[in-house]
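Colleague: This is what each chain is made of:
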Amino acid sequence: MSLYALYRDGHGAQRAVDALRAAGVPDSEITVISAVPMEHFEFGEMNKATRIWYVASGGGLIGFTFGTWLTRMTELAWPLPTGNMPIVAWWPNLIVIFELTMLGAIFATVITLMVAGQLLRRRPALYDPEVTTGEKILVGVEAPRDEKAVERALGDGVKRGGGE
Amino acid sequence: MTACHAENNIPTVGPAQAARGRAMHWLRVERYWEGEFPDVRLKFRPVMCQQCDAAPCEPVCPTYASHHTAEGLNAQVYNRCIGTRYCANACPYNVRFFDFFNPAWPKPLDMQLNPDVSVREVGVMEKCTFCVQRISAAQIDAKAEKRELKDGDVKTACAQACPAKALVFGDLNDPESEVARLSRSPRGSKLLEDLGTLPKVTYLARQGDA
Amino acid sequence: MERRDFIKLTAVTGTTAALTACGNPEHQLIRFVPDDDIVPGIAEWKPSVCPLCRAGCGLTVRVLDADFETTRKGQAGVVAVKAAKKLEGQPAHPVNHGGLCVRGQAAIQLTYHPDRITTPLKRTGPRGSGEFAPIAWDAAIAELVSQLDRLTDRASLACIARPRRSRRLELVAEFLSRFGAPAPIGFETFDDEVLRRANSTMFGRDQLPTFDLARAELVVSFGADFLGTWNSPVSQNAGFGEMRGRRSRGKLVQIESRMSLSGGSADEWIPVNPGTEGVLALGLAHVVSSKSAKPAAALAEYTPAAVEKITGVRAARIERLGGELAERRPAVAMIGGPALAHTNGLFHALAVNTLNVALGAVQQPGGLFFTPELPSLRAGSGALTRPSAALKNLSAQALVLVDDVNPVFGSPRAWHVAEALAKIPFIVSFGSFIDDTSVNADLLLPDHSFLESWTDSLPESGSLELVANAAPPVMRPLHDTRSTPDVLIEVGGKLKTPVALPWKTYDEMLKASFDKLGANAWDGVEKQGGFWSAAPESRITLHESPRIPNPESQIPNFDGDASAYPLHFLPYASQAFNDGSVAHLPWLQELPDPLTSAMWCSWVEINPQTAAAKKIAEGDIVEISSTQGSIRLPAFVSPGIAPNIVAVPVGQGHGVFTQFASGRGANPIAILAPMAEAETGALAWAATRVKIERVGDANRSLILFAGEMRENPHENETR
Amino acid sequence: MSEGLPPTMTEDLLRPLLRTSWRFYLLVAFLGSIVAMGLGTWAYQMYRGFGMTGINNPVYWAFYITNFVFWIGISHAGTLISAILRLVNAGWRRPVTRCAEVITAFALMIGAMFPIIHLGRPWLFFWLMPYPNQRMIWPNFRSPLVWDFFAISTYLSGSLLFLFLPMIPDFALIRDRSTGLRRKIYGLLALGWRGTTKQWHRLESAMQIMAIAIIPVAVSVHTIVSFDFSMAPVPMWHSTMFGPYFVAGAIFSGIAGLIIAMATLRKFLHLEAYLHPVHFQNLGKLLLMMSLLWGYFVFAERLTTWYGNDVAEMNVFYVTQRGSFAPLYWTMVVVNFVIPVIVLSLKKTRTIAGCVIASCGVCVGMWLERFLIVVPSLSHKFLPYSWGHYRPRPVELLITVSTFAAMALLYVLFAKFVPIIAIWELKAGEHPSPALSPVAAHEHALGETHA
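Residue numbers (our numbering), protein chains in the order written: chain X, 1 to 164; chain P, 1001 to 1210; chain W, 2001 to 2719; chain G, 3001 to 3451.
Derived from the structure by calculation, the hints contain no laboratory data. Hints may be right or wrong, so weigh each one.
In silico lysine-lysine, DSS-like type, Cα no more than 25 Å apart, as pairs [claimed, not checked]:
1. G:Lys3416 with G:Lys3427
2. G:Lys3348 with G:Lys3267
3. W:Lys2082 with P:Lys1107
4. W:Lys2073 with P:Lys1107
5. P:Lys1165 with P:Lys1200
6. P:Lys1107 with P:Lys1155
7. W:Lys2073 with W:Lys2122
8. W:Lys2504 with W:Lys2494
9. P:Lys1043 with P:Lys1165
10. P:Lys1190 with P:Lys1200
11. X:Lys48 with G:Lys3348
12. X:Lys148 with X:Lys159
13. P:Lys1155 with W:Lys2527
14. W:Lys2691 with W:Lys2615
15. P:Lys1107 with W:Lys2122
16. W:Lys2251 with P:Lys1043
17. P:Lys1200 with P:Lys1155
18. P:Lys1200 with P:Lys1150
19. W:Lys2122 with W:Lys2423
20. G:Lys3427 with X:Lys48
21. G:Lys3198 with X:Lys159
22. W:Lys2251 with P:Lys1165
Could you build the full structure based on these sequences and the hints that come with them?
Modeller: The structure is reproduced here in structure tokens:
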């Protein structure tokens, strides 16, 4: 079970977040949900740090290796000479390798988005359709340790939501 | 040219298709008019697949249907061909032909078909093979007789039929062979040589013209 | 599906059959085909003889097993047969030395042609309707026998056949003579009777000449397309090839007003006014002899200046060429084709022979020879009835046998052959196809194809050795056909008053006559398709050459006056179809013409100047009219023809001739005027004048294989 | 934005999804029948044999390859443009990106069909792919057609994801606003999106990376398409400038396609409030630039040929410039260069209508350009004896027409099921209180100031 409240605009949300912090709730436990990204508020900057860039490069590397292996292996496996070119023809192979590198990077990015963004996850999570329908901003805490404090921080209009 | 049709099961496409520019002649005798009447002259030039060493048709084929054999021929593997027709575009000599329809031989014309040469189905590319079936036949005979293939053992259908003996076929790798000798001749030249396709066919200029 | 494909792949380097048999693992098949696994079909090689033209080239036929789908006695089935697969030139043959022309290559399609007559036919519909019903051989022969018996006047039996020197024709002639009928009418559109006459007059040989081109230094050809269709093309090509391959390359000068294939390969091409070739020849002879010790007085009038007036060839050029002839030896002159087809053709032939004498080319290395004659095999073509006269009053006949000739197509409409046939009570055809002539027959008794029966011919030229062709059947007959000679023998035996021929069968006749040639002659027949041996020296006896007429007297006559019909009309034997008798072979229909690259059609060749004057562009439909009628053809504008001439290839324009040739193009022979060579009466097929008119836009009826006529079409374009 | 967004925005943009008029069904039925006709024609062509087309020797490539290049070119509208605009963070991109990216996805799918349609044996097209098989047979990586296969599949999957990711929040929006089956479906599509700050951040950075990755891929795709030609020793094909030439041409036609698509949407979905003239003007300026660039390339190509005076190339030059292809050639020059440059450089004519007219011209012109690259060269190769002609036959025309219908159909259906304008991006575009917005997040006011 979790506690949350809905706010009409960023300012209210910001105040709630500050209050929660004051009540000793760590950022990692505070959930803020909005219908649009909130870069213009301080809370919008919470847990921004990400390793997605490294993952993407890693994916690219895998794609590169696979491309290199594929072209070389197949050409050696069925070594038919054509047009006086070497069996392993690097110039053309580079094109295939390039494409596979990019493909690797793209897939890696999307996969990390799915994982890191906690998409596709099964467990019912803290959410309220009003976020989109009423364009509200949700601030809440999942499984708060000190409910009283949280309730106080969120001010009036606190709701009890799903989640664990 | 008819010899080629007879040897290689090349279909006749009929007037309607011929008018569309789909007649198939693996070997064609190009003729060019030079000058005007009365000082007019004709130039004849037989053109068939030049079996290039650096054949532009080969690398462009996505399925290796067109590739180079150990003997240095441009093999065209009909059943690997998916009909991109890219090879025909890449060929500067326009000597590759496409089967636009399944070939038909009104019975009993089909009885003439040469069993040593496969009949090409619709959608594949075909071209002069230097009568590869004759080459392999000769090789087998040679093997059976426990001897090396010697110059003159193999004659392509065209070379064999040509009444004026204007076509000579043989093994260029054998410096003693007649073709090797002729290809070294100062009269010799290659077709579209400057494209760098390294064609294996050598054209001998008229005595005196060279 | 894949499996089948992958096996098919290997056919690029071997046979499908063999591979399925030796069942390699497929991954081997598709990836690399081990050479050892490629086993081509096992072929037999059997000798035969090319039937298509007078040259009589020797063949070796590749024979393999094949399945034949047929219906015998009403039930369909597949029969395993030995089938001819490919015709090759017989390497040992003295005429073609292993070579074979396009027509010869295509001859195999005669056997497998889908429209062959597969069984005897009896006419059911009206004449020419082409409605026939199958009939059993016995009934058919009985019918013919009764018709022959019914003849009151036995001389009213006529037989039209090809003037081939062969035992076959001899047998036919024998049958006719013993029956009491006139000798067979030897019909061939392009027969060179005029030249034979000239040769017998001057050299005592009623034969076409043979040239030793291989050793010739300079060859002057007056209109003879000796590399294409004239005389013995394959042997002439072989000689020409050698002449050109030599270190000291021989020179060819072609004198004609429409460039032929030979003209195309010539070093010098000289257009000349039609019908003045002889004058030019004598002009050259004049120059040659004037350079010799004792100039021939007879030639005095043929000064280059005088000759220029008539021939239109510049005097200087005549001087030069004459000079070359005088110096470059051995030199030889030949004449053929249109040059002989004028009202004064014989004069031209004699003139060229005279030139040859002046050149000392007769029976000299690099000169003119005659193939040794074999008296014992000599089928007298002299014994033949001349077609021109005979065909014109054909209608007098009561019964006509047509032995694989097509005079309705091959003779001018003005001869009224078709009308004559219509009047004849009973017509029998032995040909294998229903064509313009046999469609009028009452009874069709299909012959075997040349591969299915005994065959023989006697090359009249093309070989310096003595040669006689004869060969056994190569394969079993596909259809319910019978060898015509044997049919005649049988018919002869069944007549009320039997015509007993001295032989029981055709091959027995052949054996009898070949045995006369020597002990080993008959093995030759069975092994190599003929007998040949170094000639018993056959000298040419130079007869008194005829008086040389004065040049002005030698102006030929043309039909149609020059004002109304300004152009000369030149039908020529086409590379693909020769006289049109093989127009039904699809390979030849799709063969691009060597000069125009046209396929599946016929056309009219017009000089650019003439075309421009008439606003005619390539492909436009042109009407060509003579006094005898008109034909319509697409135009081919060609720089290789004189402005005062239009030329049309012979071969297309069949009314009825199988699915491939029927109603295709137009037949130039039809509109020829019935002009005859004065002395011999031979058809002067180059003596008609015509006018042309543009009657329509290009309509795709001109089918060209080539995209462009010139190697650099834009060379004169300004950037 | 110049004018603030109407409060009814969400409703406006969701209306097409929630309400369906009979016109929609009529339109779909109409387009659908044309597409079906096209597929039928293709089946007929396969059944009767490839000879049903006008292809012949030596013109072995013609309409189908032209269409292939054309559609791949169109596909450069979306992803590439929107990626660039995202990277430069141009504010006016927000309503444009999605309808652009959709074009890419569909145009690519259609374009990729053509190499298969044009095969002699289409049922074996999979032989182009490197799939493991027991005989260890592989495609030939030296063949530009195999490069095509890799490039196009990469570009296609990239573009689809690039299109899909920013759609997730909108799916969530629809999920929350709808009920029943629709709710279930969009719920699935939303992938459990909630909109936590974390998700927003990940989405942003993912889009950044995608944008960076997709640009070189897009460039490579059309370069490789150009390699199909420039790798072959054919007069006027074998040229080093083909890569950039084709890429420029692709973007050129792409923008034109985008403008047409946007104008149509604006008209029929009544999006006047969201697609402002300024958007068209900006795209119009881009189009103008590409038109000039295209002109530059064509001039460079022609001049080099003319000056070099190589016989074979000049034969092609003459036949296009003066010969049988001249009418097409000069039409191309007019509609690709003359008209756009005039219409788009004058502020007075750079209206929505003006842009659309210019764009239609460009689409026609660029199709002609590809046709004039493919056919004249093939019909006039080195040996004049083997020159030929080409006339399209009905099957080719029908299939070509049907692909345009297919494009329209797919687009209509897409607009039916997905908000064609990214709602959340639009919202995020307007700043609640500029005072609070940090300078860093200030968007390039491209368009706003210049309009």
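Colleague: With reference to the structure, classify each hint as holding or not holding.
Modeller: Tested hints:
| no. | hint | in the structure |
| --- | --- | --- |
| 1 | G:Lys3416 with G:Lys3427 | holds (21 Å) |
| 2 | G:Lys3348 with G:Lys3267 | holds (21 Å) |
| 3 | W:Lys2082 with P:Lys1107 | holds (16 Å) |
| 4 | W:Lys2073 with P:Lys1107 | holds (19 Å) |
| 5 | P:Lys1165 with P:Lys1200 | holds (19 Å) |
| 6 | P:Lys1107 with P:Lys1155 | violated (30 Å) |
| 7 | W:Lys2073 with W:Lys2122 | holds (18 Å) |
| 8 | W:Lys2504 with W:Lys2494 | holds (13 Å) |
| 9 | P:Lys1043 with P:Lys1165 | holds (17 Å) |
| 10 | P:Lys1190 with P:Lys1200 | holds (8 Å) |
| 11 | X:Lys48 with G:Lys3348 | violated (47 Å) |
| 12 | X:Lys148 with X:Lys159 | holds (13 Å) |
| 13 | P:Lys1155 with W:Lys2527 | holds (22 Å) |
| 14 | W:Lys2691 with W:Lys2615 | holds (14 Å) |
| 15 | P:Lys1107 with W:Lys2122 | holds (24 Å) |
| 16 | W:Lys2251 with P:Lys1043 | holds (16 Å) |
| 17 | P:Lys1200 with P:Lys1155 | holds (16 Å) |
| 18 | P:Lys1200 with P:Lys1150 | holds (19 Å) |
| 19 | W:Lys2122 with W:Lys2423 | holds (18 Å) |
| 20 | G:Lys3427 with X:Lys48 | holds (21 Å) |
| 21 | G:Lys3198 with X:Lys159 | holds (22 Å) |
| 22 | W:Lys2251 with P:Lys1165 | holds (18 Å) |
Figure legend: structure checked against the earlier numbered hints; hints not met, in rising order: 6, 11.
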